[in-house]
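The residues making up each chain are set out below.
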Amino acid sequence: MITLSHLSCCFGEKQILHDINFHVGEGDFYAILGANGCGKTTLLRCIAGLLTPNSGEVNISPSGGEATERPIASFSARELAQRIAFVRQHAQTDFEFSGFETVLMGRNPYQRRLQNESQADWDIVEQCMRHTNTWHLRFSRPHEMSGGELQRVMIARALAQSTPIILLDEPTSNLDIAHQFDIMELLCDINAREHKTILLVVHDLNLALQYCPQALLLHDKGILAHGATSEVLAPDNIRTAFGVEAEPQQGHLSLRPMTKQL
Amino acid sequence: MKRPVAVLLLAVLLLAAMVGCSMMGVVRFTWQEMWHSPIFWQLRMPRIVLSVMVGATLSVCGAAYQSVFRNPLTDPYVLGISSGASLGAAIAIIAGLQAYLWGIGSCALLTALLTVLFIYRIASIGNRMHTTTLLLTGVCLTFLITAVISFLMVLHHDKMESIIFWTMGSFASSSWFDVALVAPVTLAGVFMVLYHSKDLNLLLAGSETAQGLGVEVEKVKRRLLFFTTLMVAFAVSSCGVIGFVGLVVPHCVRLVTGPDNRRVVPYSIFVGGLFMLMCDTLARTVLQPSELPVGSLTALVGAPLFIYLLYKNKKRI
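Chains as they are written, first to last, in my numbering: chain A, 819 to 1080; chain R, -14 to 302.
FYI, nobody ran anything at the bench for these hints, they're computed from the structure. Any given hint might turn out to be false.
Straight-line alpha carbon distances no greater than 16 angstroms define the calculated EDC-like cross-link-like pairs of lysine to aspartate or glutamate that follow [stated by the list, open to error]:
{"no.": "1", "chain 1": "R", "residue 1": "Lys183", "chain 2": "R", "residue 2": "Glu201"}
{"no.": "2", "chain 1": "R", "residue 1": "Lys183", "chain 2": "A", "residue 2": "Glu919"}
{"no.": "3", "chain 1": "R", "residue 1": "Lys183", "chain 2": "A", "residue 2": "Glu935"}
{"no.": "4", "chain 1": "A", "residue 1": "Lys832", "chain 2": "A", "residue 2": "Asp1038"}
{"no.": "5", "chain 1": "A", "residue 1": "Lys1039", "chain 2": "A", "residue 2": "Asp837"}
{"no.": "6", "chain 1": "R", "residue 1": "Lys204", "chain 2": "R", "residue 2": "Glu193"}
Partial chain R-side listing against chain A, Cβ under 10 angstroms, derived [claimed, not checked]:
{"no.": "7", "residue": "Ala165"}
{"no.": "8", "residue": "Leu187"}
{"no.": "9", "residue": "Glu201"}
The C-beta atom is built at its ideal place from N, Cα and C for all residues, glycine as well.
Whole structure, please, built from the sequences with the hints as guidance.
Next comes the structure, spelled out in structure tokens:
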């Protein structure tokens, strides 16, 4: 579905990612983990085609399945938007489109200019909003919604894009714990029911452990570990990546700062 | 109300207003006289057509800029087009080019385009256009050019009045020649902005979001800026700097229609044209036979209207 080969990325002189090689299969649900500034968001933006890597390339399958992958540089913005949906970290609120109009924008990659939305578009939007439990927000303006509601509207828009791949950049930060569970349950449901490939940047290791079957741990410009989340989040890996002591307890991690050696 | 119906209604209203306004003025005539009157055909009609086109241009470009720059305070002059044009006009007036057909206009057009070109050069990094740099450079250059113009005026006392009068904007000397120059650019530009109105909505949500939703952001941005720049440059060169319209008409429309540019852009064409027509008619009739500068009237009439609309719609801001 997605293959990264020899991906390297720098900002000016500073190398962010170095020689990343990785493959994501169809229907995978990956948590991308790592300390602040380790390149999680950069990686996601490269996959979304928002950032051009300095070397290496990102390949995705043009139609679902594992069939012949193509570098994303060969897709037009429109073609890419029919395959990858990206939910940003900070949902923007400084415009006054209603919830319905916002989700309807997700249909843009399927519309021609000067063309109005079809009944099919409206049906898809309603379905996506009902699925994400945001249908009651269809007339609300962004400033009338809570952070959790706005985030769900953004996920509804990503669903309305009808893409096989959804990327999310910290969708649960800034939300209280109940809403974090809410969003994660929703993503699991989307992954299970619609078989969408999901890559998710998340900071809460326990949230990842609880909901994401697979994880990718970034450290020092490269991949430290990947595979089943419980194995990736071994105490050794956590110590290397975050400098934090971890102790697994019945499918849960107990975390504490490393004791300083005096 | 359905969009086509509303647009049709506005178009009819605009046409009616154009006919109505052409009847007003120092010289009054009946319907029969009107068809044979050179005053009607050679003075009033070109003036009315030009004012409608300029009003539409400024409003549509204002709407486009506010979405492209995602900033409600931008107007069509924010990139320094107006100051660039004023500099050209000042030079032309000092050099005595008024005597020639479009002597001031061509100078103004040239300097306006050069100014914007200079700003684009500075603000493009690789093939991307950095919008904040674009805005800041525009504002800064405006100050610089204004200073140069003041300096020119001090050096040429005798021309000061005509320079100031030009910068306040006026349709008094409009001719069919102006109309013929401005019309093609206006038509092409308005069509371009209309064509991209859905993209403008997505740009309003942020350029990365727009990219993610299938808009070729840099391409669309460059195309829109190219056409709007040409439109505004031609408009300013033909009639001088008329402020306020481009800033406020799109906002007034938005207060009624909401932020969707597929409504804001078409309505702005007619509301902008209508507003400019009204202001110009006032400018030439209130103090007959002398004229008020239309640039000051737009703000005088428009500002209270806009503040009233803001007040009435308090909840939505």
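Checked hints:
The hinted pair formed by R:Lys183 and R:Glu201 meets the criterion: a straight-line CA distance of about 12 angstroms does not exceed 16 angstroms. Between R:Lys183 and A:Glu919 the alpha-carbon distance is near 12 angstroms, which keeps this suggested pair within the 16 angstroms criterion. With a C-alpha separation of about 11 angstroms, the suggested pair R:Lys183 and A:Glu935 falls inside the 16 angstroms cut-off, and the hint holds. Between A:Lys832 and A:Asp1038, the direct Cα distance comes to roughly 12 angstroms. Compliance with the 16 angstroms bound is thereby established for this hinted pair.
Taking the CA atoms of A:Lys1039 and A:Asp837, the gap is near 8 angstroms; set against the 16 angstroms cutoff, the hint holds. Restraint check: the Cα-Cα separation between R:Lys204 and R:Glu193 comes to about 13 angstroms, which is no more than 16 angstroms; the hinted pair holds. Annotation: interface hint on R:Ala165 violated; nearest CB of chain A at approximately 28 angstroms, more than 10 angstroms. With its C-beta approaching chain A no nearer than about 6 angstroms, R:Leu187 sits inside the 10 angstroms limit, and its interface hint holds.
Nearest Cβ of chain A to the Cβ of R:Glu201: about 5 angstroms, under the 10 angstroms cut. The hint holds.
In terms of the numbered hints stated before, the structure departs from hint 7 and from no other.
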